[in-house]
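Chain B: place on chain A using the hints.
Number of protein chains: 2
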Amino acid sequence: MLTYDLSDKNKYYALYRAIRGDILSGNLKHGDKLPSKRSLAEHLGVSVITVQTAYEQLLAEGYIQSEQRRGYFVAEVSPQNGAPTPHPLCVEEMEESYSLDLCSGRAPVKLFPFSTWAKLMRQTLSEEGGHLLERVPCDGDRTLKEAIAAYLYRFRGFKVDARHVVIGAGAEYLYGVIVQLLGRDKPYAVENPAYARVPQTYALNGAKCNYIAVDDCGVKVDEVEKSGACALHISPSHQYPTGAVMPAANRSRLIGWAEKSGAYIIEDDYDSEFRLFGKPLQTMAAMNGERVIYINTFSKTLAPSLRMGYMVLPPELYARYRNLFGNSANVVPLFEQKTLAKMLDGGFFERHVNRLRNYYRGVRSLLLQKIENLPVEKEIIETGGGLHLTVRLPSFASDEEIKKAAKDRGIKIKCVSDYLIKPAEGYEKIAVVNYSSVEAERLK
Amino acid sequence: MLTYDLSDKNKYYALYRAIRGDILSGNLKHGDKLPSKRSLAEHLGVSVITVQTAYEQLLAEGYIQSEQRRGYFVAEVSPQNGAPTPHPLCVEEMEESYSLDLCSGRAPVKLFPFSTWAKLMRQTLSEEGGHLLERVPCDGDRTLKEAIAAYLYRFRGFKVDARHVVIGAGAEYLYGVIVQLLGRDKPYAVENPAYARVPQTYALNGAKCNYIAVDDCGVKVDEVEKSGACALHISPSHQYPTGAVMPAANRSRLIGWAEKSGAYIIEDDYDSEFRLFGKPLQTMAAMNGERVIYINTFSKTLAPSLRMGYMVLPPELYARYRNLFGNSANVVPLFEQKTLAKMLDGGFFERHVNRLRNYYRGVRSLLLQKIENLPVEKEIIETGGGLHLTVRLPSFASDEEIKKAAKDRGIKIKCVSDYLIKPAEGYEKIAVVNYSSVEAERLK
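Top to bottom, those sequences are chains A and B. Using this note's numbering, read the first sequence as starting at 76 and increasing by one per residue. Using this note's numbering, read the second sequence as starting at 76 and increasing by one per residue.
You can take every hint at face value.
Pairs count within a copy or across copies, as identical chains cannot be separated in the list.
Calculated lysine-lysine pairs in the DSSO-like style (CA-CA distance at most 30 Å, straight line):
no. : residue 1 : residue 2
1   : Lys283    : Lys261
2   : Lys234    : Lys335
3   : Lys479    : Lys445
4   : Lys108    : Lys234
5   : Lys487    : Lys519
6   : Lys478    : Lys504
7   : Lys104    : Lys234
8   : Lys234    : Lys112
9   : Lys261    : Lys497
10  : Lys445    : Lys482
11  : Lys519    : Lys185
12  : Lys487    : Lys497
13  : Lys295    : Lys497
14  : Lys295    : Lys504
15  : Lys453    : Lys504
16  : Lys445    : Lys185
Just so you know, these hints were derived from the structure itself, not from any lab.
The shape of chain A in the complex, shown without the other chains (with noise of 0.2 Å):
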């Protein structure tokens, strides 16, 4: 049988080069069945997961092929002709193994309450039978609008209209609809740095996009007034990846230049849900309601794999919306809708997220000892809130040199600048903690 020396940190990885080695130079021809998963692991003395994933990526990359009930092949490949090549981001990320990894934003997938959500699941198929394969309004059903309506007014304090609730199969889907709302004739103004997704998402349904620098207090309210921008996207609660909180002062400037300008704002609150001391703060939403869209979503909360989320229209998009899009049925299977509705009304989402909020504050208090350990000069940037927080290095000479003093330490960390979507001087030397995807075990 295949026999390689798996001594690697990272197993599957090694086990994959070796593999693919074997059908790039011919030791392995096109239609060679490989060894099923559980023999090739007792075989190398490594897991069957491990021999799972290394025949995964080669299956992506297109080296091996599946047949069921039959197993894997080599497929056809020949070096001379150029051999798939992996994509870049796949290589990126298995080329180097890290221990902890502060840059991710998927939660554990772990932390899911699987087990009520397979329970609501099994409920709303009996409960609802052949309904769930009606059409769903363009704006998502009715029963998850009115959940997320009263959650956000018992979590938010934040009073919505039902019927002005959208949902969405995820944050970007969303931003995409608010283009088709909004139309391209102007620019949109966003952040920088920022979240890269959020312009990418912007430019990639046409619409132009003005960076707007963010400072302590968030955008540069300045700026945003000189934009002559639609609408400016802004996580005023939190800001990624600086962390900055907008003043109130600022919010009502904001809303000012919207009301005078026509613009509007979209309010992301992408993580209002783990700030973790104290009350969260009051949507701009909340303030004007006619200026403001708020956008959220469920990923984060709940598990990437279920793209849920939704926003808020003012009264007047709203209506523009059901003109532009009534024919069309909403892209979320109902089935999912309808089980999100019962994990709200019945409670199990704020369990959820208290749960959550409990763990991630316990992995924050150790990563901030870890931190406060450090023998080099630092200032924690803290602001009680997300699952981020920045802190300043000024002895290090570069940002690269932070980041390599992690890895070196088998941490994967970013700075701010890398979130830069336009060079800007002022944002050296900040490293970025994000703690969305730590396993507290890992620090222990």
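The following block gives chain B in isolation, referenced to the frame of chain A:
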């Protein structure tokens, strides 16, 4: 209790109007509790469904509110301030009551094999467990991608590389992805007449559209060649609404055009499953996999609430897709993807489609009989495919007269000219008989 005379044909609408009237006139006031559905139904001698539908309409339009476990209450609606205006589309649908709808594309929900689907859902839930929460790669779950590729080969004789299949939340969603892939610099060529959502969706995504006239052979190739388009969206197997099937010679010429100009052909194969006689036609994507994007959906074959469609991208476009969207998760929940994969792999889908095909064959022959018995001059334009046919009715004075005559018989129908996106001559006096939503019993 509320007492209304509901002798109207369309009882729920009469009830809706009666209650709305009472709310607007102030007979029912803000906060008043409405009778329970059951008791009002008994009181008025109508079915609970009638009351429920009326309440739902009132709820959707904001005249009443529901409170969990407490019932329905009159909302705050002041006639002076203007009551919420009902969506024009809803009004149109309600004002007219038809006994037969030959316009709707929605299959009767009762045809869906719900017990099989529910069984597969339960299986998926117990087999996959927590894996269902994992993030799905941008292009969809591999099991489903492979199941679709295998299905296309079995059913359509169409061999595709499963890697290049991209899953999306319905066809309209995928049109948007295509615009993001191909950009907005050059126009898109679309059919005229056509199903309006196609050009509308391109336009909403910021793409300019050129409208290409359709004749008996599908789009006019000369016009495509002059269009300067980056892509042409067509349904060569069964154009909607004309029913035109594109002959092989035109298909070759179009592929030649795409090769020469570097354009893409978007082959929308929306109803090929419903070719009622003979084998389905070869896809254009099978003729040239480099220049044709194949696109299809399960909304027609399964249920409109399952927003699942897919496209097969040429390798070059697939690579671009991965570069643009590699960081995004797929928008369709993994649960539905895994369940659909089981439905395809287990042969349940094909069995269901065969049943549907038999059903529609019956509907179609009943309809054809009725059409042939009509005491007017007519020419049935037959292609043996899809879920609609067209009938030329030369003795009528106008399309309006055709629709009026149908309406007088309780039949809702449209003419080919109703689908013109841009005014054009030569499409008069052809009725479109779309039997997607027809229940066979109604015809007997």
